[in-house]
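Protein sequence lines, in the order shown, are assigned to chains A and B.
All residue numbers for the first sequence refer to the working numbering, where the first residue is 161 and numbers rise by one.
All residue numbers for the second sequence refer to the working numbering, where the first residue is 44 and numbers rise by one.
Please note that a few of the clues may not be correct.
[To be verified] Pair by pair, the computed Cβ-Cβ distance ranges are: (1) MET161/A x ALA73/B: 32 to 42 Å; (2) GLN597/A x VAL151/B: 26 to 36 Å; (3) ALA541/A x GLY183/B: 42 to 52 Å; (4) GLU98/B x ALA213/A: 55 to 65 Å; (5) ALA89/B x TRP310/A: 17 to 27 Å; (6) LEU54/B x VAL562/A: 17 to 27 Å; (7) VAL151/B x ALA598/A: 46 to 56 Å; (8) MET161/A x ALA105/B: 17 to 27 Å; (9) ARG222/A x ALA89/B: 34 to 44 Å; (10) MET161/A x GLU98/B: 23 to 33 Å; (11) ARG81/B x GLY332/A: 21 to 31 Å.
Keep in mind that the hints were calculated from the coordinates and are not lab data.
Beta carbons: idealized from backbone N, C-alpha and C, even for Gly.
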Amino acid sequence: MPPLLAAVAAATALTFAGSRFAAALAGPRDSALYRLVLYTLAGWVGLHLLLTALGLAGLPWRLPVVLAALAAATVLAWRWLPAPAGRTWLPSDLGWGEGLALAALAVFAAGALSAWIASPDFVFHWGLKGHRFYLAGGVDYGYLGARWNWVVHPDYPTLLPELFAVTALAAGRFDEPAMMLWSAAAFALLLAALREALRRAATSRFAAQAALAGVAMALAAYGIGGLSAGGADWLIALALAAALPPLLSPVDRRGAAQIGLAAAFAAASKVEGVPLAASLVGIYAARAWAARAAAPARQSGPDGAKYPSSQDPSSQDSRDSRKPRKTSPGIDLRFALALVLPAAAVTLPWLAEVWHHHLFLDYNSGPLAPERLPRVLAAIADRMDESWNGFGYGLLLLPLLVLDRRLRALAAVVSLQLLFYLYVYLSVRIDAVALVQASFPRLVLHLLPAVLTAAVVALDRRAGSRLEGQEPLPPPAGAGLDSALAPDLAPEPESDLDSEAAEDLDSDPPSAPEAPAPVPGLPSERSERSERSERSDRSEAAGSAAESDPAERSEPAPAAASERSPRSERSVRSEAADSPWAAPPPLRA
Amino acid sequence: MRPAPPPLCRLILVLFVVWAGIALAVRTGAAVAGWDSRGADRPACAWRFGTGPVESLRRCLARVEGWLPPDTVVVFVSPPGPCNAPFFCWRWTAYLLPDLEVSPPDDVEGRQRASYLIAYRTRPAPPPGSHLVLVRQLEGGRLYRIDRP
Numbered sequence: 161m162p163p164l165l166a167a168v169a170a171a172t173a174l175t176f177a178g179s180r181f182a183a184a185l186a187g188p189r190d191s192a193l194y195r196l197v198l199y200t201l202a203g204w205v206g207l208h209l210l211l212t213a214l215g216l217a218g219l220p221w222r223l224p225v226v227l228a229a230l231a232a233a234t235v236l237a238w239r240w241l242p243a244p245a246g247r248t249w250l251p252s253d254l255g256w257g258e259g260l261a262l263a264a265l266a267v268f269a270a271g272a273l274s275a276w277i278a279s280p281d282f283v284f285h286w287g288l289k290g291h292r293f294y295l296a297g298g299v300d301y302g303y304l305g306a307r308w309n310w311v312v313h314p315d316y317p318t319l320l321p322e323l324f325a326v327t328a329l330a331a332g333r334f335d336e337p338a339m340m341l342w343s344a345a346a347f348a349l350l351l352a353a354l355r356e357a358l359r360r361a362a363t364s365r366f367a368a369q370a371a372l373a374g375v376a377m378a379l380a381a382y383g384i385g386g387l388s389a390g391g392a393d394w395l396i397a398l399a400l401a402a403a404l405p406p407l408l409s410p411v412d413r414r415g416a417a418q419i420g421l422a423a424a425f426a427a428a429s430k431v432e433g434v435p436l437a438a439s440l441v442g443i444y445a446a447r448a449w450a451a452r453a454a455a456p457a458r459q460s461g462p463d464g465a466k467y468p469s470s471q472d473p474s475s476q477d478s479r480d481s482r483k484p485r486k487t488s489p490g491i492d493l494r495f496a497l498a499l500v501l502p503a504a505a506v507t508l509p510w511l512a513e514v515w516h517h518h519l520f521l522d523y524n525s526g527p528l529a530p531e532r533l534p535r536v537l538a539a540i541a542d543r544m545d546e547s548w549n550g551f552g553y554g555l556l557l558l559p560l561l562v563l564d565r566r567l568r569a570l571a572a573v574v575s576l577q578l579l580f581y582l583y584v585y586l587s588v589r590i591d592a593v594a595l596v597q598a599s600f601p602r603l604v605l606h607l608l609p610a611v612l613t614a615a616v617v618a619l620d621r622r623a624g625s626r627l628e629g630q631e632p633l634p635p636p637a638g639a640g641l642d643s644a645l646a647p648d649l650a651p652e653p654e655s656d657l658d659s660e661a662a663e664d665l666d667s668d669p670p671s672a673p674e675a676p677a678p679v680p681g682l683p684s685e686r687s688e689r690s691e692r693s694e695r696s697d698r699s700e701a702a703g704s705a706a707e708s709d710p711a712e713r714s715e716p717a718p719a720a721a722s723e724r725s726p727r728s729e730r731s732v733r734s735e736a737a738d739s740p741w742a743a744p745p746p747l748r749a
Numbered sequence: 044m045r046p047a048p049p050p051l052c053r054l055i056l057v058l059f060v061v062w063a064g065i066a067l068a069v070r071t072g073a074a075v076a077g078w079d080s081r082g083a084d085r086p087a088c089a090w091r092f093g094t095g096p097v098e099s100l101r102r103c104l105a106r107v108e109g110w111l112p113p114d115t116v117v118v119f120v121s122p123p124g125p126c127n128a129p130f131f132c133w134r135w136t137a138y139l140l141p142d143l144e145v146s147p148p149d150d151v152e153g154r155q156r157a158s159y160l161i162a163y164r165t166r167p168a169p170p171p172g173s174h175l176v177l178v179r180q181l182e183g184g185r186l187y188r189i190d191r192p
């Protein structure tokens with residue numbers, strides 16, 4: 161098979177395989193493009209786990225073996241996993257910003273396929289490891305453990321070399337342009353994830369188009385000038401971008417699964433992805449805890465069980481009125497598993513192999529040396545904009561994100577990641593300044609796409625608030641990191657947002673609409689419907705639309721549908737009809 | 044969907060897009076110019092796929108590739124040069140010979156384990172306690188077997 165075709169076929173097969181996890185990963189609020197991101201990430205992580213399992217079983221990575229294992233895993237997933245969520249349709253009305261973003265992607269892809277903008281790290285370790293693994297039929301720990309091979313970073317996670325190896329298996333040979341296709345794919349998925357974040361944040365159309373175009377062209381310019389194709393830094397940037405939509409949304413189990421997947425993907429991609437995975441999981445868990453802690457008083461149901469007010473069996477949202485809900489603050493087991501298990505499944509075998517084969521390099525870490533701080537900061541300032549055409553200073557916008565409560569979770573993740581980089585520079589046993597010079601511009605790529613996008617969201621929100629004569633919404637009391645507003649609900653300046661988040665935490669993700677089951681006669685201090693209606697009125701006053709792109713949804717979220725007052729629903733529909741983001745009416749699968 | 048942002052915000056966003064567009068155009072132009080002059084000589088730390096030095100090295104190693112058994116440990120020696128040339132030349136050689144274990148000449152364990160030596164544009168000194176036997180002439184280099192008494 162021609163190598164480029166083999167790479168496309170491998171990527172398509174992995175996305176298809178990843179789509180078997182749709183029921184756990186994607187829901188009505190996720191657009192078709194974002195689902196594509198999730199399925200692809202799931203496929204790549206699944207491949208990594210599959211190849212790890214083959215290695216542990218002593219089976220070589222040969223094409224028939226990998227294909228058989230992939231087919232078996234897909235069949236098992238088909239048999240045991242729930243049916244995917246309803247179908248959605250790709251957007252058909254691209255705006256000027258999306259057009260520019262696609263053009264930037266095409267320019268980068270052309271450069272990547274020529275291998276002219278290949279990262280030096282592709283030669284020094286990523287590509288070499290991929291080729292070696294292909295020839296050896298697995299992760300070659302003997303090769304990685306050779307004394308002189310410290311330069312290939314033998315202790316790094318192996319997802320990218322595995323993608324290269326599988327591409328070579330499919331093609332029958334190792335071909336550089338085909339390997340570069342993975343970077344172009346990661347860039348495309350990153351843009352799709354950022355588009356979803358802008359949509360989820362209900363950013364104005366102009367700002368969304370400008371953000372997508374600007375970020376895409378800035379990244380393409382860096383990707384070409386900074387020689388980034390074939391490196392793993394695109395994967396880390398993609399992981400953070402893929403985590404952005406759930407970070408901008410209320411905490412729920414599906415969001416936990418999305419964050420868990422992004423964390424696993426980051427941890428499998430590069431060593432810097434391991435702390436990123438930890439901070440993503442930690443921040444999301446903290447948001448969940450805060451949402452639980454801020455949940456309003458529970459009410460008693462007829463069976464004596466306690467219910468959060470928003471899950472009162474009398475409410476029309478209650479999907480199973482006989483089912484008692486957990487009442488103690490904390491996180492239920494399925495939520496915790498969705499959040500933690502993927503990253504743990506990726507990280508633990510990797511750590512075990514690194515430990516078993518003594519691959520961890522001594523120079524990676526040493527005692528903290530704070531006296532280096534001035535030199536390191538000076539070197540960072542010197543290199544902040546290397547290859548970035550001035551956009552590297554975009555990281556200085558981080559404080560702007562903290563001012564917007566909805567972006568605080570992202571700001572916390574990015575800050576922790578920057579702190580980790582600083583820690584590494586202050587503790588490595590080699591010349592820290594030389595390391596900064598060699599690595600910092602690449603590290604900027606990890607964070608800058610999400611930071612620039614979030615900065616546009618913050619700017620647009622503040623400008624929008626001023627335009628309407630309002631100040632930005634204050635954070636809910638005691639909400640802490642739980643800064644998310646429901647994207648498919650109206651913005652809520654009051655603390656009932658937290659009950660919403662708590663409800664989402666408990667509830668099963670809706671994959672298909674269910675008829676609301678009113679249970680009359682149960683005690684309720686306040687009618688859920690009237691509460692929603694008031695909220696919708698507030699949202700209209702705030703001038704925010706609930707769903708920015710309803711045309712991409714296959715089915716309305718049952719909760720959201722029932723939560724909206726008829727008035728707000730009409731308003732959303734009319735805005736959707738007027739919105740240039742809107743696609744033709746969705747067809748149900 | 045929010046209403047359109049105020050003029051100042053729009054101006055900031057337009058400047059952002061214009062700036063990014065100019066940056067992309069400049070970087071793309073530089074990449075195209077670099078591609079056009081890829082045949083020129085350049086220091087080893089600036090080698091890329093398709094550049095003249097890399098193609099020279101590839102031609103040299105083509106006569107080694109597939110000739111030695113897989114996993115053979117080979118010492119690679121190249122002349123000194125600016126920009127830490129031996130290091131980068133060694134790394135490119137390791138990339139171009141992925142089925143072999145390519146050691147730099149200054150690694151003690153590599154020298155001890157190696158059974159062959161590739162000399163690229165230089166005359167090598169044999170590892171201590173051994174002598175070199177020429178087994179193959181390469182384009183711009185030589186392949187030696189390391190004989191240890």
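**OP:** Against the earlier hints, flag every one the structure doesn't satisfy and list their numbers going up.
**Re:** The structure conflicts with hints 4 and 7, although it agrees with all the remaining ones.
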